[in-house]
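> Below are the chains, spelled out letter by letter.
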Amino acid sequence: MSAVETLIDLLAGRRAAATLAPRDWDGVIGVARAEALLGTLAHRGDPAAVPASVAALFADTRAAAAVATTQALWEAEMARRALAPHGIEFVLLKGTAYAAAGLAPAPGRQIGDLDILVPWHDLARTENALLIAGWEWVKEDAYDDAYYRDHMHELPPLIHKARDRMIDVHHMILPRTHRITPDALALVGDAVRTEGGFAVLCPTDMACHCAAHLIADGDLQGGLRNLWDFHALTSAFAVADRGFWGKLDERAEMHGLEKTVHRAARLARDLYGTKLPSGWNRIRSGDGRYQRRLLARDDWGRATDPLLQQAFYIRSHWLRMPPAMLARHLWTKWRKR
Amino acid sequence: MADPQYRAAGEGALRVEPLGDLVAIFDRRSMQTHLVVAPMPEILAALEAGSCDAATLAARLANDFDLSGEGDVRAIIGERLEELAGMGLVEQV
Amino acid sequence: MKHRTRIAVGPVQFRIGSSWGAPITALKRLYVGYPQDAGRPADATVRLFAARPWRRWLRPSVHIGGDYIVPDALPLPLSMGLLAAEMGMNLQVALGWRRHLLLHASAVAKDGRAVMLSGESGSGKSTLAALLGEGDWRLMGDEFTLIDPGSGDALAFPRAVSLKNEAIAEIEARVGADRLGPLLAGTPKGDIRYLIPRPDAIAAMHEPARPALLIFPRFGGAPAIERIGEGEAFVRLTEASTNYVALGEAGFGALMRLARETPAFTIAYPDSASGMAIVEHLWAEALR
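Protein sequences, first through last, are from chains A, B and C. For the first sequence, the residue numbers in our numbering are 90 to 426. For the second sequence, the residue numbers in our numbering are 31 to 123. For the third sequence, the residue numbers in our numbering are -3 to 284.
Some hints here could point you the wrong way.
Dumping the calculated EDC-like pairs for lysine to aspartate or glutamate here, alpha-carbon to alpha-carbon at most 16 angstroms [stated by the list, open to error]:
| hint | chain 1 | residue 1 | chain 2 | residue 2 |
| --- | --- | --- | --- | --- |
| 1 | C | LYS(-2) | A | ASP387 |
| 2 | A | LYS250 | A | ASP388 |
| 3 | A | LYS228 | A | ASP253 |
| 4 | A | LYS250 | A | ASP202 |
| 5 | A | LYS250 | B | GLU113 |
| 6 | C | LYS106 | C | GLU235 |
| 7 | C | LYS(-2) | A | ASP388 |
No lab work stands behind these hints, which were simulated from the structure alone. Bear in mind that the values here come from a model prediction, so they are computed numbers and not experimental data.
Next up, chain A with everything else stripped away, as it sits in the complex (with noise of 0.2 angstroms):
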C-alpha cells in the first residue's frame, strides 16, 4: 500500500496508526507535508499508538498549527479595524473562516492567504480603505492588474507591509470567465455571524464553495486537503442539520455547481468514507480520472503526476522576519515624578 493511501486510511479512521510499521511513517509524514495535511493528521488518532519520535513531531505540529491559526485570526481581525469604520462589511472564506467558526476541518489546518469575499458594489472602497491601512500592492504590473480586474474573482493580491501577510479580496467564488457563475450576492446575503462577530458563509454555500475550490477552480493541487475539507464540513453538518444534504443539492443547483459538489461529495465518500444519502450515493466514470490525480504523489512526497508538479514551497515572504518595530521617536524626557 502506498503512502499516500496510507495516510488517507489513517484520516478516514479505516487503519488504526498502531498497525503501522515504524518506517512506514517516512511516507506518511513526507505525503502529510507535501499536501498539507500533517497538522489535521496530528490532531487525529492517539498519540499513544504511534513511535516516540512521530508523537514528538505532532505534538511539534499541533503548537505551530495553533499559533498560525492564531495569527489568520488576527489577519481577520485586522481586516475589520480597518473595513468596519468605512462600513464594509465582509464574509471570511475557506481555512480562516473554518477556524472562526471552530468547524471540524479547523484542527491543525494550515491557512494561507486571508480570504474575504465583498460585495461586488463594495470592491472599490474595499481597496481603498486596506491602502489606507498599510496593505500594498504585491507587484505593480498593469498587465496582471488589468487581468486581474477584468477575469478574476478577486483584487490582485494585497500584502501588509508591516505584518507581511497577504489578503485576497473575493466578489465571487469562481473567476469571472468561468462559465459557472454562483450567486454572490446570495452568499454574501445569507452568511451567518461567528460568536466572534465575523461573518462565514452559511453551512451549505460553505460546502458548494469548497466543492468550487476543489474541482472547479484550478487543477486539484492541495486537492486532497480540500477535498478533507469537505469531507469534515459535511458530515458535521449533516450531523447537526439531517435535512442538510437536501438543502444543499438545491443550493448548489442555485448556483450552478450541482455537478460540482456532487463530484467533490463522492470523491470525498471514495476517499474518506463520506456517508452519503440515497440520491447522493452514485457511481460516475468520470470519479476515477480525479481520484488519480489526487492520489499521484509517491511515498517521497512527490507528485507523480506531471500536470502536478508544482511542489508545495513556502512562499518567499513567508521567510522574511517580521521587521522588529523598533519606535523611532524617543522621548527622552519622561520620567517618574
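Please build the complex by placing chains B and C on the supplied structure of chain A, with the hints as guidance.
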C-alpha cells in the same frame, strides 16, 4: 470632528517585558513581538483605566509624569496612539 | 528514490534520497561515525533529483527538494552533490523544525556550558567554532544551535562543519585527511570542504549545555570587544532565529530569557588566533 477614542487590549492579551532601554511587548492575539520605548508602555498602561481620547490620556499621564516643557502633549500622544493602533496594540473605537 | 540513506544529527532524523549514487556515498562517509537508528521514522526528508529524467546523465544537475522547497533555488552540478545534500538538510531544519528555538549560530561547550557565536556567513563563526572544537572545547555545531524553550538549554546540531576558503587550509594543518570530505572547489559559496567533528563531540551530541556567553563576531579590523545590553541582544537574536515567530509565546519567552540571562558581546578580530583568544578571554571573565 471629535478626537478619536482608543481602547486598550483586553486583559491578558499583552505580555510586557522590559529589556534594558527597550520594552518588548508580546501580543498573544497576533503572536507578534513589538519593541518599543517610552512613552509607549506608559500610554498603554494609562489606557487600561478606560477608553479615551488623547487629551484625556494626557491628563491621566500628567498625574504620574512630569510633562512640563513637553510642548503639545495632546498632539504627541495623539500621534503615538495612532502608531499603537497601527500595530494593533490599541484599537480606535 | 533509487539511492538513499538516513542520518541522525542532534534531535533530527533525516532521510535523504538521491537520483545519483555519488552524493549518498559521500554523505555516508562523512556521517559513518554518527549513531544509527534504522528503525526510527524520519523527521525530515531531503531529495536530490534531476529536473528532467535525461538530466540524470546529460550534464547532470542536482535540484534540492524535500518537505520544504525554495522555489527559485538554482541546481548544482553533480560534482557538488554533497553540498546540495548538506544545503538540503539545513533547509529542512531552518524551515520545518518547531521543537526548539533555532538560532543561526555556531556553538562550543565546556563543562556543560555553551558559548554561542552568531553572525552572517563571513563572520567566521564556523571557523572559530571548528578551531575551538579542535582544542579543549566540544563542538556543538557550526550552523544552527537549538534552544529548548522549556529549560533554556542549548542543544547541539553537529552536522559536518562547512569549511570555506581560507578556513580549509587552517583546519587541514590540524587534522588528518580521514576527518575531511573531498574539496569542492568553485561552488557558489567559494571553495568548500567538510570537516567531520571529533568522535567525542558526536558522542556527546544529545547532552544539553547551559548558555554562558553570546558572541556576535565580525571578521576584520582591529581586535575589539563590546558588551551589549539586553535590548540589543534581543534584537540580534530575533534576526538570528528562523523560527521564533512560528513558536509563538514559547519562542518569545526563550529569546527573552536568553537575552536576559546570557552576557552578550560584539567582537571584531583580524585573524583566527586573535578571535580564539578573545573567546577564551570572555570565557575566563564569564567564569569569574
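> Does each hint hold? Answer for all of them.
Consistency of the hints with the structure:
no.: 1; hint: C/LYS(-2) <-> A/ASP387; result: holds (13 angstroms)
no.: 2; hint: A/LYS250 <-> A/ASP388; result: violated (39 angstroms)
no.: 3; hint: A/LYS228 <-> A/ASP253; result: holds (14 angstroms)
no.: 4; hint: A/LYS250 <-> A/ASP202; result: holds (14 angstroms)
no.: 5; hint: A/LYS250 <-> B/GLU113; result: holds (14 angstroms)
no.: 6; hint: C/LYS106 <-> C/GLU235; result: violated (26 angstroms)
no.: 7; hint: C/LYS(-2) <-> A/ASP388; result: holds (12 angstroms)
Going through the hint list in order, the structure does not satisfy hints 2, 6.
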